[in-house]
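**Student:** Single-letter residue listing:
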Amino acid sequence: MFERFVRLLGILALCSIPLTVVAENNPKTIVASTTQIADFARQIAGDRMIVHSILAPGADPHTYQPTPDDVQLVLGADLCLENGMHLEGKSWMTTLAKDAGKPIVTTTNGVQPLSIEEEGEMVADPHAWFSPRNVTVYVSNITRGLSEIDPDGKWEYEARAKLFLQQLRVLDGWVREQVALIPTERRILVTTHDAFNYFCTEYKFNANNNFLSIAPVGWSTGAEVGGGMTPQRRRLVVDSIRKSGAPAIFVETSVNPKQIREIAKETGVAIGGELYSDSMGPEGSAGETYIGMMRENVLLMVNALR
Amino acid sequence: MKNSFMRFVLVGLIWLVIVGGLWFYVQNRDARLGKLESTQVVDLRVDRSFSLQITSTFSSEPDPFALSTGDNSGERNLLIKLNGSMLELPPGDLSRGQTVTLTDIQGVLQGNNELFVKASPPVSESMLNHGIRLQLFEGLTGIVDQTVWGDGGALVSGSVSFSYQDQEGDQHDH
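Chains A and B are the protein sequences, given in the same order. Going by the working numbering, the first residue of the first sequence is number 1, and it counts up by one from there. Going by the working numbering, the first residue of the second sequence is number 1, and it counts up by one from there.
Careful: at least some of the hints might be erroneous.
Claimed, not checked - With a cut-off of at most 25 Å between alpha-carbon atoms, the simulated DSS-like pairs for lysine-lysine come out as follows:
| hint | chain 1 | residue 1 | chain 2 | residue 2 |
| --- | --- | --- | --- | --- |
| 1 | A | K154 | A | K102 |
| 2 | A | K265 | A | K243 |
| 3 | B | K81 | A | K162 |
| 4 | A | K28 | A | K154 |
| 5 | A | K258 | A | K243 |
| 6 | A | K154 | B | K81 |
Simulated from the structure, these hints should not be mistaken for laboratory data.
The following block holds chain A by itself, in its conformation from the complex (with noise of 0.2 Å):
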């Protein structure tokens, strides 16, 4: 009788350890639609929630169509990330969220956004990350949101995201000195898509296109309003380059090099690389994380135009 009393007892203390350790080990997933927001995520969730991106390194935002598998990845999710402003083409992300019954975060609510003017309608520019400033309130949604799924990791979740904000803040300050290393007559960003605007403005490139970017391919490489290539845009592009002597253009990693690598021969001006621009590098590569991939840029930027 005591023996069998005694098994029991052991049986049920053995049983509550592997409850309490699942309780414990079993982080939240966050699902980001672009490189980008993940990375800031993974800066503030830690190892405490597991992060997935939808987007993988070089895909184009604009136009991805999202596949079964990523549905199945949003229908794990306990919280999920856009960015939002038209960047994710026909709001694939809301769509994803919305029809797995998840809720979502739009990461860039309350940047005060670049307005573009485009086929004779004003667009909001969704590349915010592009200004480290901007970053700040990306850094603030994602804290709020992970901090209202996981009230417990509050406290955690704040210290990283003030750290990661700091090294925003020193990054800012990083490319501010090494743009200036660039001649101001010679601080002209030509690059495959509108994707540069918040940088432009941020760091006063472009002065004669009123510090926004100059490209052939506008806002969006898909099919919005102000999207796609146009001739009359590219003739811009190509006289801008002539008419303000830009020692070099860009192509970018997420979109076809088609284009650019054409006005370049046509203009007779060099490729003075590929930049990241909606979507970060690969693992392993400098431009990884948001602070390599403007790094890698500016590095870029410098060594081509000065």
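Chain B: place on chain A using the hints.
**Tutor:** Okay, now just chain B, sitting in the frame of chain A:
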């Protein structure tokens, strides 16, 4: 059948009593330890007031890279802590070259102490080094005179450690 069910319930109850008791003991033990620590801190407090002079090489401004989650939006551009407690600062920001004096500062401890300072220099001056000089006085006697530096656009943020002995002629800073 009924007998074995009762036995199972009894085992469950005993298990609950044992685990609950252990949990209760651990909780109380932690609470008691916490109380002991705070009593020790109070015992070390020096019953005198000090003054702190703060001089910066820059005019502080709101940090554009500050986290903004709603509950921390009221954070000041200048923050000074003595042994973990926030010091009350006069309203307004730091101005370049001007000295701000805080008087009647309490909270210096016998033995090791720490002053922590954090301020946001202008982002547009990221190519300059920025510093904040901290001078702690007891009456006219200097206890601490150190400058915390920041460069490359970073926040000026750092700790100044010093030792204080509540005896005449036995005060020094590190």
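**Student:** Of the numbered hints stated earlier in the document, which are not met by this structure?
**Tutor:** none
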